[in-house]
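J.: Take the given structure of chain X and dock chain S to it, following the hints.
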Amino acid sequence: MSCGEHGTRDRVNSMINARQPLIELRNLHRYFGETRAVEDMSFEVYAGEVFGYIGPNGAGKTTSMRILATLDEPTAGDAFVDGFSVVDDPDRVRRRLGFMPDYFGTYQNVNVGEYLDFFARAYGLRSDERKQAILSVMDFTQLDKLANKPIDGLSKGMKQRLCLGRTMIHNPSVLILDEPAAGLDPRARIELREMISQLADLGKAVLISSHILTELAEICDKVGIIEQGKLLAVGTVDEISAKTEAISRVRLRTLEDPQRLLGWFALRGDISEVIVEASVVTFNHDGDETAQAILLREIIEADFSIIEFASKMKSLEDVFLHVTEGRVQ
Amino acid sequence: MTSVSSTSTESLAEAINDPAPSGWKSWLGRAYRGLEMLADRANPILVKETRQALKSRQFVITFLVVLIACWIASFAVVAIVGPDVYFVAAGAQMLLVYAVILAFPLMLIVPYSAFRSLASEQEDNTYDLLSITTLSTSQIVTGKLASAVVQMLVFLSAVSPCIAFTFLLRGVDALTVAVLMGYLVLASLGLSILALLAGTLAKVRYSQVLVSVLLVLMLAGCFFSSIAMIAGFISESYSFLRDVWFWVGNLAFLTLYLTTFALLHAAASAQIAFNSENRSTPLRRIMLVQQACFLGWMTVPAIDQGWEIINMMLFVSAIFSGIYWYAMGTLLTSEWPHLSRRVQRSLPQSQLGRTFFTWLNPGPGTGYMFCVANLTMLMIAGLLALSFAPTTVRGGPNNEQIFFFYTLGWGYIVLYLGLGKLLISFARRFIFVSLTAGFLLHVILLLIGCGGPQILSYASSSLQFGREYSLLHITNPIWTLIELLENGAASIEAWTVLLVIGPAAAIVLLLNMRAVAVEIQYHRSSLPTRVAEDEAQLHPEPEAGPSNPWEAEAENDE
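Taken in sequence, the protein lines are chains X and S.
Everything in the first sequence is counted per the working numbering, starting at 1369 for the first residue and increasing by one.
Everything in the second sequence is counted per the working numbering, starting at 72 for the first residue and increasing by one.
Isolated chain X, as found in the complex:
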């Protein structure tokens, strides 16, 4: 796992991964006339996983999410939620899925409690079960003090919480969140991130899209990089990074004259772009982590006094920019 504090989730993942995925896209295509919004997209998300969906505007994130939410139909291929086809069994999918679109969708003359009550009723919750669900959701989203407040008077962050509450009112096993952090202040973002992590800890499969890559890096177990309707890479940040780029940046500190080290480097073919700043030498190394370990051993065997050797971890931004070849709009 590349990022985040995922203690409980590791356990949940290991328990559940053997079973069928909660979200599955199978060769999904969606064309709008000549425009290929989604093209041959396939991936799986298991219970307890947070799957980050990354891509520039118009890449096909929202289209594929809408198909999963049974709001649109694929041109070809299929998508499954808990084993049910979104095309053939949308009603069964809806019972298991909570969708939070990138807009609020609120009613006039309705307060927070009434709003949640309506959606609880609409999902078929009756009597005490409904009241219990509303209480739980209000408690989880910390909206309990605002039950009687009109929705129009809520701040953006509070509205976003309310929408998350609505999404999980029927306790779905799958959550699809389209740009949930858009327009939120840093504090609200952190809180939202925590909520999403908690939901994953409860064994829910979460598919989340965002432009803010650091947000995703914090909470996602896996990411999918999508551009022009195509899924370019899927996996953990490390997996994608390893698959797509073998060169890593290494930082080294020596007690000796770095110029001697430079002479040694010059004899090797796997080192390039060397920069020396006092005792610190940074360079590109063409090789994976095993190759780096061998390089370190060889440097020490060559009798250099090394006091620091660090390979810089690639960030999600690095991976994304590399995979999309910097074509982000």
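It should be emphasised that the hints constitute simulated quantities derived from the structure, not laboratory data.
Don't be surprised by glycine CBs; every beta carbon is placed ideally from N, CA and C.
Check each hint, because a few of them may be wrong.
[As the list claims (entries may be wrong)] Partial selection, computed: residues in chain S whose CB lies under 8 Å from chain X:
1. Pro115
2. Thr197
3. Leu200
4. Asp605
[Said to hold, decoys possible] Take a look, some chain S residues computed to stay more than 12 Å from chain X by CB distance:
5. Gly303
6. Phe311
7. Phe332
8. Phe391
9. Ala530
10. Leu552
T.: For chain S alone, kept in the frame of chain X given last:
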């Protein structure tokens, strides 16, 4: 989800863990719980929209306007009539005033609110959220309609004291008031479901504006024409209400109303349903029922006035049925030809079921055959009636005219629907043809058939000038049939027309058979295992109990 905390949502928490109250409070508690249970079973949209309506300014203002209008009318009449109020029977006039005041919200405000309620779901981006809940599309439409009914009841209750006041003024009886109120409620409900259907048609902003304007014009037209109808009914109610045929006519109207209402409800639900759902079969079932009811009621006068009139009644039925099946056929033949896997799971399975119910399956081919089969049945019924009981009604069309009307009418509809269907299938090879586009193609085809010869005759000096009917206008079904009924079979050279239209219809019917054959070859597909498991979990089969006392005893012993 985390555990429940008791912060400031105590009221909800208390509601869950409510201790049993005692004494009179227990009655209140029971009543409260009863109401809660009722609300629990109520449509969620009804609950939400009632809450919204109670807080909305528009509803309060309309309610007050109606109330004030009633008060002003009451005071005005009492002031004008003055002391004569004790001697003059002013009840009928007052009832007219109050009925018109009531008709305004019932025929304008309530249906328009229903339309806006659905249209605003699209505008406020809440429709997506609503459609992914477990509410069915039928529940959504019913919920919107139910909230219109609640508004209707509130307006009725506001005007009811004034209606009661008309009794004190004399000149009107309870039955007249009840029937009039019934008509108003039915009109309001009918217009509301029509408005909801309009709301489902308007999905983008510009079409919403267009539909909205058209709807307001239609509602205003209905309102103004209702004033004359209300006045006519009140003035003639004494004779109307004592005539048996008035009640028979009303019953027939009610049957037609209910089936049309069901059709519009199903159409509105189908409009907002997910594409893979079977949206056509419920509509076709209702069409069949409606057709049967209509034909049934048309034969009722024959029971009273003898079988001589049956021909006339069937002839009148044929005119309406022909228009009806052509209109429905334009939509049915524009349906998408491929059945979703979901629809395939519920296709008829047995040989008998496949023979009779395949025509109810979605698809343009089955839709075409469904219309043709209904039309053929109508034509056969009409021709049989004609041969067994020739018409003796004076002033109406003769037997020859009726014969040609049935056969040519059948031929024209089969021909035009079939050609339209072929045209749509051809267009679908290159572009996506929606239901609306298919319908428009049918309309254009009919317009070409009617207007083409007319243009030709105007353009060519060698051809007969367009005022007179000639064989050039054979493609114009409207003129041909009207000419047949007005001037007789000879005026249109009926046998020649029949010899052209009949084979042409048969050829088009045969050309469509290939597509029909493809559609009827669909078989029921089995339920996926995952769906079957879920179904079993949702609706478990009841455990088989003991079938006799000995088995029960044996079970008890175990």
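J.: Taking the hints in turn, state whether each one holds.
T.: Now for the hints, and whether the structure bears them out:
1. Contact between Pro115/S and chain X, as hinted, is supported at the beta carbon level, the nearest pair being about 4 Å apart and thus within 8 Å.
2. Satisfaction of the interface hint for Thr197/S is found here, the shortest Cβ-Cβ separation to chain X being roughly 5 Å, below the 8 Å cut-off.
3. Taking 8 Å as the C-beta contact cut-off toward chain X, the hint placing Leu200/S at the interface holds, the least distance being around 5 Å.
4. Because the smallest distance between the Cβ of Asp605/S and any Cβ of chain X comes to about 6 Å, under 8 Å, the interface hint for this residue holds.
5. Gly303/S, annotated as away from the interface, keeps every beta carbon of chain X farther than 12 Å; the closest lies near 41 Å.
6. Distance check on Phe311/S: its Cβ is at least 44 Å (rounded) from any Cβ of chain X, clearing the 12 Å threshold; non-interface status holds.
7. At roughly 25 Å, the least C-beta separation between Phe332/S and chain X is larger than 12 Å, which holds for a residue marked as non-interface.
8. For Phe391/S, the requirement that its beta carbon stay farther than 12 Å from each beta carbon of chain X is met, with the minimum near 38 Å.
9. For Ala530/S, the condition that its CB be more than 12 Å from all CB atoms of chain X holds, with the nearest at approximately 39 Å.
10. Annotated as non-interface, Leu552/S keeps its C-beta farther than 12 Å from every C-beta of chain X; the closest such distance is 42 Å.
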